[in-house]
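Protein chains in written order, with my numbering: chain A, 1 to 320; chain B, 1 to 320; chain C, 1 to 320; chain D, 1 to 320; chain E, 1 to 320; chain F, 1 to 320.
No wet-lab data here; the hints were simulated from the structure. Glycine included, C-beta positions come from ideal geometry on N, C-alpha and C. Treat the hints loosely; a few may be bogus.
Okay, the calculated beta carbon distance ranges per label pair [what the hints assert, rightly or not]:
(1) C:TYR207 x A:THR202: 53 to 61 Å
(2) D:LEU238 x A:GLY144: 46 to 54 Å
(3) E:PRO70 x A:GLY259: 50 to 58 Å
(4) C:ASN261 x B:GLN84: 29 to 37 Å
(5) E:ILE283 x B:GLN84: 45 to 53 Å
(6) C:LEU288 x B:VAL184: 51 to 59 Å
(7) B:VAL262 x A:GLY259: 44 to 52 Å
(8) E:ALA141 x B:GLN285: 49 to 57 Å
Protein chains: 6
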Amino acid sequence: MRHGYAIHMYTANKSMDNCAFCNADGDFLIVPQQGRLFITTECGRLNVSPGDVAIIPQGFRFNVNLPDGPSRGYVAEVFGTHFQLPDLGPIGANGLASPRDFLAPTAWFEDKSYPGYTIVQKFGGELFTAIQDFSPFNVVAWHGNYVPYKYDLSKFCPYNTVLYDHSDPSINTVLTAPTDKPGVALLDFVIFPPRWLVAEHTFRPPYYHRNCMSEFMGLIHGNYEAKVDGFLPGGASLHNCMTPHGPDTKSYESTIARGNNVGPHKIIDTMAFMFESSLIPRISQSALESPFLDHDYYQCWIGLRSHFTVPELKTIKTKE
Amino acid sequence: MRHGYAIHMYTANKSMDNCAFCNADGDFLIVPQQGRLFITTECGRLNVSPGDVAIIPQGFRFNVNLPDGPSRGYVAEVFGTHFQLPDLGPIGANGLASPRDFLAPTAWFEDKSYPGYTIVQKFGGELFTAIQDFSPFNVVAWHGNYVPYKYDLSKFCPYNTVLYDHSDPSINTVLTAPTDKPGVALLDFVIFPPRWLVAEHTFRPPYYHRNCMSEFMGLIHGNYEAKVDGFLPGGASLHNCMTPHGPDTKSYESTIARGNNVGPHKIIDTMAFMFESSLIPRISQSALESPFLDHDYYQCWIGLRSHFTVPELKTIKTKE
Amino acid sequence: MRHGYAIHMYTANKSMDNCAFCNADGDFLIVPQQGRLFITTECGRLNVSPGDVAIIPQGFRFNVNLPDGPSRGYVAEVFGTHFQLPDLGPIGANGLASPRDFLAPTAWFEDKSYPGYTIVQKFGGELFTAIQDFSPFNVVAWHGNYVPYKYDLSKFCPYNTVLYDHSDPSINTVLTAPTDKPGVALLDFVIFPPRWLVAEHTFRPPYYHRNCMSEFMGLIHGNYEAKVDGFLPGGASLHNCMTPHGPDTKSYESTIARGNNVGPHKIIDTMAFMFESSLIPRISQSALESPFLDHDYYQCWIGLRSHFTVPELKTIKTKE
Amino acid sequence: MRHGYAIHMYTANKSMDNCAFCNADGDFLIVPQQGRLFITTECGRLNVSPGDVAIIPQGFRFNVNLPDGPSRGYVAEVFGTHFQLPDLGPIGANGLASPRDFLAPTAWFEDKSYPGYTIVQKFGGELFTAIQDFSPFNVVAWHGNYVPYKYDLSKFCPYNTVLYDHSDPSINTVLTAPTDKPGVALLDFVIFPPRWLVAEHTFRPPYYHRNCMSEFMGLIHGNYEAKVDGFLPGGASLHNCMTPHGPDTKSYESTIARGNNVGPHKIIDTMAFMFESSLIPRISQSALESPFLDHDYYQCWIGLRSHFTVPELKTIKTKE
Amino acid sequence: MRHGYAIHMYTANKSMDNCAFCNADGDFLIVPQQGRLFITTECGRLNVSPGDVAIIPQGFRFNVNLPDGPSRGYVAEVFGTHFQLPDLGPIGANGLASPRDFLAPTAWFEDKSYPGYTIVQKFGGELFTAIQDFSPFNVVAWHGNYVPYKYDLSKFCPYNTVLYDHSDPSINTVLTAPTDKPGVALLDFVIFPPRWLVAEHTFRPPYYHRNCMSEFMGLIHGNYEAKVDGFLPGGASLHNCMTPHGPDTKSYESTIARGNNVGPHKIIDTMAFMFESSLIPRISQSALESPFLDHDYYQCWIGLRSHFTVPELKTIKTKE
Amino acid sequence: MRHGYAIHMYTANKSMDNCAFCNADGDFLIVPQQGRLFITTECGRLNVSPGDVAIIPQGFRFNVNLPDGPSRGYVAEVFGTHFQLPDLGPIGANGLASPRDFLAPTAWFEDKSYPGYTIVQKFGGELFTAIQDFSPFNVVAWHGNYVPYKYDLSKFCPYNTVLYDHSDPSINTVLTAPTDKPGVALLDFVIFPPRWLVAEHTFRPPYYHRNCMSEFMGLIHGNYEAKVDGFLPGGASLHNCMTPHGPDTKSYESTIARGNNVGPHKIIDTMAFMFESSLIPRISQSALESPFLDHDYYQCWIGLRSHFTVPELKTIKTKE
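Using the sequences plus the hints, can you model the full thing?
Okay, here's the thing in structure tokens:
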């Protein structure tokens, strides 16, 4: 499968019954926002709560049970590569997501007859089914490192500036599905977790920008600092490649009003995330026609005004 | 020249007169701790104050003038490679030392006769002299990027954990002279600048450790957080490869007394630095016999005692 | 041309007359299964028998003569890369295919008029023709290493386990058309030649598996060890990405019956091969509608049954 | 520490008492040939029998107890790099040493007073001591992958030719301490384990050669196939860079007498090994003066004679 | 955006008024052939004359003014990568295009209201518009190296053979948009500038060839040496992948008539260029239907005849 | 053997009789300046004339016969690496030394008794001897690419600027023994062959410079353009790392007198060469005490004077 990705938002009302799913095309990164997922895989079972993420690699058969009733959330699918930890560079031995916090299941199997058990296989973008009369979860033992796993986002150890300036969001990369070009991911999974803000002499919220990445954001719980209203848990925004964006008018004006030198401040009770890619996504027809589409999103920036005053010519001249 | 390095501590009482120096063996990284250096090079002139560092690459002729009288400080010399900025990894586009803050001189020359002008050349570890009757600073213009430059350490943008845990000192790398093996430098130049400490549930001072790097530390001004007394500006310590070290007893005990959950704290007025290498340095005879050698350094750790209590067996068992 | 490949099965009834072919899109790897190919190229002539393979790189004009009458076989086409020998790793200086066994032609030319000589060029997936009145095989001499070549598969030096366990088929790679990711080929050409089997305490036939590669198999002569009947020379099977497959029921049951500790055994008179790719192939309409399609292939696995007995709990417990 | 290595042969008569050793210069690979080693490290305890090897990385403190009485064996020390598994290339997912067979210790500690406990530290090629009054094995828990480990050589899965020709010994690489140049190791650890020999039309014993590597061989138990007498368990041979060597006269003549087409043969009860390096070792004075030096080693090749007959000129001519 | 490129020929009759363009898909390399372009970008202004080229990277908003009236020329667009200088290899420190000749603009801004100002954004191959009431050129200052720039082609320092043989056109590479495979560009920008020809014993014009690259040529001024008539400034030719091409009949015959040993000759007043890619371009419908399409181009080669005489067999034999 | 090199100047008066030499430490590159060398190796025989160079890789046994009587010349020895062709970069498929011009010997052997035949082996910098009673040149056939070879320097295809400026000598690299750092060789073998000079507006002779490489020059025949007298065939000069050098006073003044715009000029009858290394060589005692040492070499630069006139301040100002 050539390099690529897909982003889905899911709502699941009932558990999978007498069937399993298998993605022959790529890997799933699942971000439940509401309702636990109890995932049975050929390597064992994973209990995935909102605040956790689960990765089901290409080719694994799995069944999802909903112990809490309906569940909703986000799924990213990557083709032609796998998620990995970013190379930490000067961050060194500690920081961001730690390998030991990614949990693989203990081997579990059932040697059981299931008449009419259905395997649904996603292959080449289409769905195929096969019927068998036994459980696919009959793997007695396994070794290796090609396995499903989960990660609790609250284990993330965020880094950031501790004096001045504003960090690139890449500092919050949990996992990356790389391309061959360093720094240009097929898909980065980035979070905005609770953390201390201490930067001085700066504009602390995410700055206004446009860039070569397409940014899909979601919110797991709490608020997102750059959108004081209108961005709710379970919602999503998409800021595409080279489309300018930034804080809404209210966030901006209140930041300006506070001034640039507020002291340390801890952001608590929040967990936003971003799927960020160097490939521009196409929007599906169903998304474009969804009743949940926010046609007024652009209004969050209405009323933005310049706070810049052109300095007098004399001032500029002295710099030459 | 094969890969290698040398670390010097210098005390200069007078300006260089009618002479220039040239290092054919490697590059100098100069860290004045007291007294400005006014350095004339073939590419132009650099005014280097304490708090700045200057790099004079292999083969440049230069003359040092002392506008403030005597100067002292530290010099690292690297052979077979050059200093470069570390690859920032997830830190991304901002953070640590920024390329635009490294300042190269404007071309400057003199077309002048200087009878008896002496060039002192360090070549193969020995000093040679040549006499000429004109200034070596007769380069009218230049282009390229092999040039002397300086950097003001207060421009450094420090990153660190903003929630919990303790960072590896590599996070404070200003410049690195790499080897072929990522993460294992020939010589890293690392600083401990003013910054906010916000980590929770952790022991904030540098932790006790031994590692594969040999660490030479110096102090430019202020105090160093892990040695409450006894480490003075202009001093130096060397903790060699796999030799355990850490905070002195007083720093340790006062940290323990404070507990692990103190709030945000800003370290101000300090500028310590480290030259860190994967090659074990040999100590020169003159250093070993120096009247300034601190024979009692080990005493800073006398009195350290364990605060650990072995948990009852029952507690351990429940983890199985 | 972006990276890609195509696999063809050919039947040729007569020699190419007064014409030459040229593939502007990619390289051909030709595997005749029946009937020799006498290939004239701009660099000289290759006599290719069943058991040999020939590679005609992108852009070479060539003519094929059938000295034995009709010929049939397999052709792989790779786009955007070329075939190369695999990096042998610990296998070292000897083993698998040796560079000296790949034979390039001696320069040969004709200075001759051929009225109406037609060049058929495959370009961008379409065929174009040009008429000229002279032979294209008018290259008097050449040098370089971009040339057609052939290889006799019986020169292959197979490696495998010589004690226990079961090897990955990559151990039998003759040529690989790589991608940028080590271990994930655009197209591997792998053979299953005569060889000794000596592994103890193991299931010797190819094991049941599904994986990220799509596997197209063919048979040049003899039998294939995992399909006791039904896989004939000139035939082909396709096991696509993440579709489970393995020995047919008869092969499996007879292996089980023999037990795991049979002694050395030499497989003779066989030459199966595999084109294996990390990109999922689309099947052409003509293949799907072919009268030769084996609609009952799946039946080779009917009747497979488990030989596994769940061990008693006590046994498992002693491992903790 | 620059790249380098050392090879030692040890004889230990008693356990280490109230002391621990630490190598600040490099890593130890320990190959006991006789007598178990019970090694206590800061990460836990390793029980190392003849047939196992243990690796103690740079900087770990450890104590060795001899539960069986005296022990002897071999130790390799590598500087500036670490041992790693070789990249398997076409061998793929299985074969040679498997990561899961390298065993790290479970955390173990003692919170105990030991008056006069001595740490012996090897630093810069010299030994230093420090006295403390507590056990250094007070590490309560650990995580990471920089740890001592052991490997049972009987788990090795040997690969080799299964048809004809003779393999390069690199096919038996257990661990390699690489240089920057692929295929040219600082130190390879290679074994010659029990295995099937099936090659046809070839000279099966190690062939006569000279090469760019220096080869130190030892024998753990059994016989070594190329030296029918005179190479005993616990012994060692050194064939230096570009010094020709090969089977002794008896092995050679008996191979010739058997002819080239003997059938499958299983070598059992043997475990020879090789430390192989691209750097020429200097021999220590004590080794050169050892009463165990075999001054007559060269005699094993006395009496070798040519079995080659120059073919008549006519035969050669036909190849042109 | 996946790797790709597009080539456009433009004719502009009037300046852009109250609007700006932004390419979210890739970078523009603009080659004006007639009429200056005065380009205003967010980073400042570039004055681009015929003989200069300008690069506007992905995402920059810009406005083009035509100070000389109508302008025409060529534009290449690259997706998924950026143009860079080729690695010079043995050419070393000097030669071809020098980094210091690529000129970035000085920051320039306007703080001005423009009712109805339109931003036209190319995104995913389609055009979108947005209306705003202020100038987008309100960037007061900038730093970094992601900027628009221009280059004067007459600064190019051409290299070539100075004794015999004929150079590959890659020797004239100004800028390259690389793929991951060295030597196989996504798009090379190559020029044929004024230069000395001194090669002896050779056919000096571009030789007849076909190759894996698709070659689009244009002419900025003067004549192109391989087409004595019919290739005019502002024109273009496309020789696609593996399509043979070379000098027209007149150029060829006059070269043959001159013989192989003419002395030094300086080509003056010429500036042809080539966009060369390893990906085959599709031709747009509008180009195929253009009234400017030269349907008789192939006629430039009509009348080519062989000057080769088959040597007698005896001569060939002596080489064996 | 660690990376390193040695440079020797040899004078041989008689052929090697009943003996062979073998260098276990590294490879020889032999540059005869006077008198042919007839070299017999285990792979066959090489006839090496002045104007040719021969490479004898590490570990080959060879015998040298002098068919013309005494021979003299230069030998470079490289340790830890081998010579290879430079990566040509934009030079592309043609230019500099072509692989097909490096000639390996045809297999040749003798099956002959030679009582008292002596092998002299250089090992670890010392010489060892072994006596045998047969010719070592008993290798009947060979394959592979680790072989002795020779190259005729007149086949070199020199490249250079064909418009303006002055090339780096790296453009004339025949072979390079690389380090891990691109552009910084362990030893480059560079020649200054006959070629056309056409550069305009420039100072054509080698410019005055000092750099990080140490340059050993020799002359095979003719004159060297930068030393009008005093540099004779068979002589040598050494300009060490960061020691300034350039044309002698006469060459300089006559160039100045000619002016900068002389037309094309062909340098004929010359063959100078350079061994250039990034490692500073130590000079042997015998070289320092040689009666052939030129104690007055420095005098070639006596009398150099500046031709520069400081422009008036006004002129400089207008550039700002």
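Going through the hints against the structure:
1. A C-beta distance of roughly 59 Å is found between TYR207 of chain C and THR202 of chain A, which places it inside the suggested range of 53 to 61 Å.
2. Between LEU238 of chain D and GLY144 of chain A the beta carbon distance is about 39 Å. The supplied range of 46 to 54 Å is therefore violated.
3. As the Cβ distance of PRO70 of chain E to GLY259 of chain A is approximately 53 Å, the hint placing it in 50 to 58 Å holds.
4. With their beta carbons about 60 Å apart, ASN261 of chain C and GLN84 of chain B fall outside the hinted range of 29 to 37 Å.
5. Under the hint 45 to 53 Å, the C-beta atoms of ILE283 of chain E and GLN84 of chain B, about 46 Å apart, fit the expected range.
6. A C-beta distance of roughly 56 Å is found between LEU288 of chain C and VAL184 of chain B, which places it inside the suggested range of 51 to 59 Å.
7. Restraint check, VAL262 of chain B to GLY259 of chain A: a C-beta distance of roughly 26 Å breaks the suggested window 44 to 52 Å.
8. Taken as a hint, the range 49 to 57 Å holds for the pair ALA141 of chain E and GLN285 of chain B, whose Cβ atoms sit roughly 54 Å apart.
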